[in-house]
Amino acid sequence: MSRIKEKFTELNARNQKALISYIMTGYPNEKSTLATVRGLVKGGVDIIELGFPFSDPLADGPVIQNASTISLEKGTKISKFFNIVKKIRKETDIPLVLMTYTNILYHKGFSKFITDAKKAGIDGFILPDMSIEESKEYLKATKNYADTIFLISPNTNKTRIDKIAKASSGFLYLVAVFGTTGVKTGIKKYTLDAIKKVKKQTKGKIPVGIGFGVSTPEDVKKYIKAGADAVIVGSAYLKLIEKTPEKQLESKISSFTKQLKKETIL
Amino acid sequence: MKYPKNGKFGEFGGKFIPETLVPAVEELEENYLKFKNNKEFKKELDYYLKVYAGRPTPLYYAKNLSEKLGGARIYLKREDLLHGGAHKINNTLGQALLAKKMKKKRIIAETGAGQHGVATAMACAALGMKAEVYMGYKDTIRQKLNVFRMNLLGSQVHPVKSGSKTLKDAINEAIRDWITNVETTYYLLGSAVGPHPYPVMVRDFQSVIGNEIKSQMKKINRTPDNVIACVGGGSNAIGTFYPLVDTNAEIIGVEAAGHGIKSNKHSATLSAGSKGVLHGMMTYLLQDDEGQITETHSISAGLDYPGVGPEHSYFKDTKRVKYHAATDTEVIDAFLMLTRTEGIIPALESAHAIAEAIKVAKKGKKSESIVVTLSGRGDKDVEEVQNYLNKNVKD
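Just so you know, the sequences run in chain order A and B. Reading the first sequence from the start, the letters are residues 1 to 266 in the numbering used here. Reading the second sequence from the start, the letters are residues 1001 to 1395 in the numbering used here.
Excised from the complex, chain A in its bound form (with noise of 0.2 Å):
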């Protein structure tokens, strides 16, 4: 059973829903992504979402784009990302997911970049600009190897809705508004529709994870409500890394992750 699986059953035992935290790596830079990783586990994240920055991050809003920007700046290289991993997985057995553009691993080759990932300690891939139909290849090289989480969009019709579930493992990630990551629309109904829509549709088989503009604990109560089985927050991590010096961002970082875990608690 993959860790992501893992993950959900255990907190399913629990009661609990999943908490799911982004950042982006090596935003500021090497020393505070794994002083913030510390703190997400510290607060009790369930599952990690680790970006790798691409050039040309079209599905991203501006905080994530900036952040990228700034990681690229800094020098975060393949090889460098994978060392990074290999130092989270020492100190803690969280599942990692990796979010970052179809072309990073197309240029590597999927085999070998898939490869490289999974032994460096990566449970499963997030690429925004993959779409099922271009999948073929991708899904041939993760096949019983690493979990593909595919992104379902409110638009997203049922037919569609099964082949993605079908492509999909570990979670769907249900996109919650028409837009781009991090960007603050407040809850919308047809969101809520979405999840109970998805959740209908996929009958339980693979739980429903929702992204894009969570930021609050509040978001994440009300999405829980609505049936989502987990949250994933990201743009609102990167504004709170920004601003919080290196020496507190372990306990900063803790801190809000500590307020969003709650919530996910029945």
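Treat the hints as calculated values from the structure; they're not laboratory data. Careful: at least some of the hints might be erroneous.
Taking lysine-lysine pairs in the DSSO-like style, the calculated list, with each CA pair at most 27 Å apart, reads [what the hints assert, rightly or not]:
1. A:Lys-112 / B:Lys-1034
2. A:Lys-108 / B:Lys-1275
3. B:Lys-1034 / A:Lys-158
4. A:Lys-163 / B:Lys-1005
5. B:Lys-1105 / A:Lys-188
6. B:Lys-1034 / A:Lys-77
All figures in this text were calculated on a predicted structure; none of them were measured in a lab.
Fit chain B to the known structure of chain A by using the hints.
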């Protein structure tokens, strides 16, 4: 016209897009297929192309230039004479009309040099719509008159300050807007790039260029031995080439070699790039060894793009089309030569094709014909050329 299954040209093209856009591109494809052979739609588009844009454009025998070079005969396909001064209007009229049929209220577009933005603003004004145009911040400075033109035409320009602040970033931002406003917005893409069905749709709307060349050459009892066009994203080139790929013509696409291919300051994607995924498509890209897209350079803002239309990638790999590149210096020389021999000021983009034509003509026989697509006029570039000449006074 052939329609690529799953939007693939061999392994190139496809739909590498965020899930939110899937219903939008499906809706677009459905409507495009519905209207492209619809008599009324075609009639309406033909009407606008003829009486609004100025089609057909002449095929001009550049006698002075040809005789000066002493080789093959050079014919210029005068897309520079179109309304707005470039081939872009062929596509914007087609797509704006389609958007209107689809009852889309809001039009967005990206632009590099501003030619597509202006052509979008014109088509939208003519059809009673308004456009919002994303343009790299650097390009808004380089081409500030085009920004003003778009404003005059009733469109709004959003300067893009992310990334390299040029065309690729304008496309990123337009896609982000589309994701956000997917239910109301039509994205009017300007080149033969992006997710399916854009590359094939833009090709079809631009194929009027190649189709006219075919019949105009036939009228003068000639067949083109060489066909040449410049390639950035590659819309004028694919429109020129596609109707002629099943002839015996040698076809050459010309990219921007900037300061030279080895300098790393160029935009010669097909000449120096490698395969990858950007802006919804699999195609050749300029990227580093980690798969990060690299910054490009060209004297012409319209060719300053690290990707290329997927069908060009296909024609490169199948060797049906040769892709060469012209340096900034060669381009300026060609610009000056055409201006002085024929009294035609070409766009710097188009001057890349002229530079190649000069090389090919010199080697050609007098009985041979070269057709060059002059994709746009150079009024927008005279300041750039002046600056270049002031900096590089040679003789």
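Each hint, compared with the structure:
1. A:Lys-112 / B:Lys-1034: 43 Å, violated
2. A:Lys-108 / B:Lys-1275: Status holds; Cα separation ~11 Å.
3. B:Lys-1034 / A:Lys-158: This hinted pair holds, its Cα atoms lying about 24 Å apart.
4. A:Lys-163 / B:Lys-1005: Given pair Lys-163 of chain A, Lys-1005 of chain B holds - Cα atoms ~20 Å apart, limit 27 Å.
5. B:Lys-1105 / A:Lys-188: 23 Å, holds
6. B:Lys-1034 / A:Lys-77: 46 Å, violated
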